[in-house]
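Participant: Starting from the structure of chain C, add chain R where the hints point.
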Amino acid sequence: MAIERIDKEKCIGCEQCFDTCYAGVIQMDNDSKKAVAKYPEDCAVCCWCVALCPAQAIVFTPVKTSPVFTSWG
Amino acid sequence: MPKSSRRDFLKFAGQGTLAAGFFLNLPDGAWLTADAQEPQAAVSYSDNKMECDVLVIGGGWAGLFAAIKAKEQGAQVILVSKGLAGRSGQSPWASGTLVFRPKEGDKLDEWMSHAHSQSEFLNNQYWTETTITQSYDRYQDCIAYGLKFEPAQNNLATPSSTADKRPSFRGINFAGKPGDLPFALRQHALKIGIKIVDRVMVADLLKQNGRIVGAIGISANSYDMYTFTAKTTVMCTGACSYKPLNYPPGHQLTGDGEAMAFRSGAEVLGKEFIHTMWTVRGLPAGGMATALRVLDENQVPENLKELRAASIMGQYMVDAAGNRLGSIPAGATEYPLTYLQLEFAAHDGRAPLYTMARNNTKIEVVGGACLGMSIRNADGLWPADKQCGTTLPGLYAAGDSLGTIQNGAVYTMTGSSSMGAMVQGAIAGAAAAKEAAQMGKPEVNADEIARAKKSVTASKERKGGFSPRWVTQLLQNTMAPYYIYSVKHADRLQAAITQVEFMHHHLVPALLARDPHEVCMANEIRSMVLSAEIRLRSALFRTESRGNHYREDFPRRDDANWMAWTKVAPVQGKMSLVKVPIPKEWQPDQSIPYEQRYPYRYPGES
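Sequences listed follow chains C and R, in order. Its first residue numbered 28, the first sequence is counted upward by one per residue in the numbering used here. Its first residue numbered 4, the second sequence is counted upward by one per residue in the numbering used here.
Isolated chain C (complex conformation) (with noise of 0.2 angstroms):
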């Protein structure tokens, strides 16, 4: 669903997707120094991390869900 997660295996910790993340979705983890998408469900699919992570390490699939709209939240 957009961005779903980032591979820790694969992730050098270069914080191109942090840099660039337009929503805020993705943040450094402090202990392992790699990228996390810590709030996926604001992904606006923009695609950038993808097209900069030198490592092939982001995981995403093209798919928005919004959430059901309910009567308050």
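Where hints are given, some of them may not hold.
Covered stretches of chain C (in silico footprint by chain R; criterion: 3 or more residues with CB under 8 angstroms from a CB of chain R, positions within the stretch not fixed) [claimed, not checked]:
id	stretch
1	50-61
2	65-76
Beyond 10 angstroms from chain R on every Cβ pair, some chain C residues (computed) [claimed, not checked]:
id	residue
3	32
4	38
5	82
It is worth saying that the hints were derived from the structure and are not from the lab. By construction, the Cβ of each residue, glycine as well, lies at the ideal position given by its N, Cα and C atoms.
Facilitator: Okay, now just chain R, sitting in the frame of chain C:
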């Protein structure tokens, strides 16, 4: 901005209207819902104080040029960006920029005449001419600052609607991979000593004795707050969208600059005109997956190849029955799909609509992709002078934040958005530096700082309320239907105004955030709701159709009453809308028949 005559002012002042909407923040805690499942833990924000001569808010084409030009004048400059300056907003998505080259035969009077008629006579000609005539110098600056261009040929041209096919305007394409531009400007800015603060959202302005003296920003990732004080401020926060899922470049552009300036007393124009971009149904960002498009075929992950192919534009559009969309005015051989032709076909019950790809496959398309956005450069803060000053002392604006309406009611000059941002950024930065050089350090009293800080972090202080994501989805669902946003009518606009007013008064003052990311989202939806109300009221106010503003109940252009811009001002807690007449010498010749002045016919015109 040329001043209208006193007679013009008197003639139009009586045609203003005070709308019932309130925009000022009402007391917190008035309408809280039941407590959230867990009480909110109190947090304390760090407080970072930063002072400068010129504060630039926003790090795209406009902001980077403003910062660089201010620094070149000797000012001490801080540039603060919600994302990474040089790789955020719409700026990185520009494929090229407008460059006027008189030495190669480009003629100013032709460009001005094309812009004037194609904009349906609503363009502010001072800004149109300024962008055109200063474009070459800014292009040279870009090269000097390290930006790369493709060879300077006719490779970015607006197709002409005239039979001889000569381009109406032309520009030059940028070279490089996604992420390259305007990143080179960032690197140059850092090299010359500009302080850049990334990933800090500026969410409220500081005002002292009627003058803008700084701003409050919050980090998107941590509980860090920034109090910026500045002699002058340049607002370069870009356009306003409602986070449309189909237009990723707009995702960060939630009209924050326009909203915070409006709350401080600035005026806004141009929000009745809408930007008409389409996207591919079922494949979000299908129309705009530009980031994938520049990759080589073998670099694109297998499951994204379809998305990449969909982002290649088709040749022409057809409806469900296979009829071609688009109209051809007399004397031309083809007419690009423009205005609201997709929306009119849908309204007529002719959807699903398709674009025909070059291999003759049909890809279903849907309009309204840039939900929330006006025609480029139509909306923004009202320019008070030729130096990009706004009506708020101490505040300048440039790029999409400044309401130059240089393209009028239709986006005519391809590449003028990025070039306009550069030109205005340069003007604003130099003017802001010049003014700053003539003044001492501003004083900001503690009460004003406390007020602004509270305004920005209120969503984190509550125990219960509404999620910014839910309110955002609600706003999108309210504004997205084509019969509200594009094919407008007084009844439907009023219905939407009632909804948005409720969001403004009841939901926004009760937003609930659980972490710094959500605090930023709360500030963003606050901006978007205000923008939506201004948009709906402006559309209700303009009782005619023109360019990318269509009223089903007023389907003709009405030059007699509407050779004017719609200005929205905060007046005593309400939104006040007035017509500001376009200078007489810019108005079209009424002896030319209506059908010649306006070749494009709307549905419902007799």
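Participant: Was residue 38 of chain C rightly flagged as not at the interface, with every chain R Cβ beyond 10 angstroms?
Facilitator: holds, 16 angstroms
Participant: Evaluate the condition: distance from the CB of residue 82 of chain C to the nearest CB of chain R exceeds 10 angstroms.
Facilitator: The assertion about residue 82 of chain C holds, with a minimum of 13 angstroms to chain R.
Participant: Three or more residues of the stretch 50-61 of chain C near chain R by CB distance under 8 angstroms?
Facilitator: This one holds; 3 residues, not fewer than the three required, reach chain R with a Cβ under 8 angstroms.
Participant: Just want to verify: residue 32 of chain C was marked as not at the interface with chain R; is every Cβ pair farther apart than 10 angstroms?
Facilitator: holds, 14 angstroms
Participant: Quick check: the stretch 65-76 of chain C, covered by chain R? Criterion 3+ residues, Cβ under 8 angstroms.
Facilitator: holds (count 9)
Comparing the model with each earlier hint shows no violations; every hint is respected.
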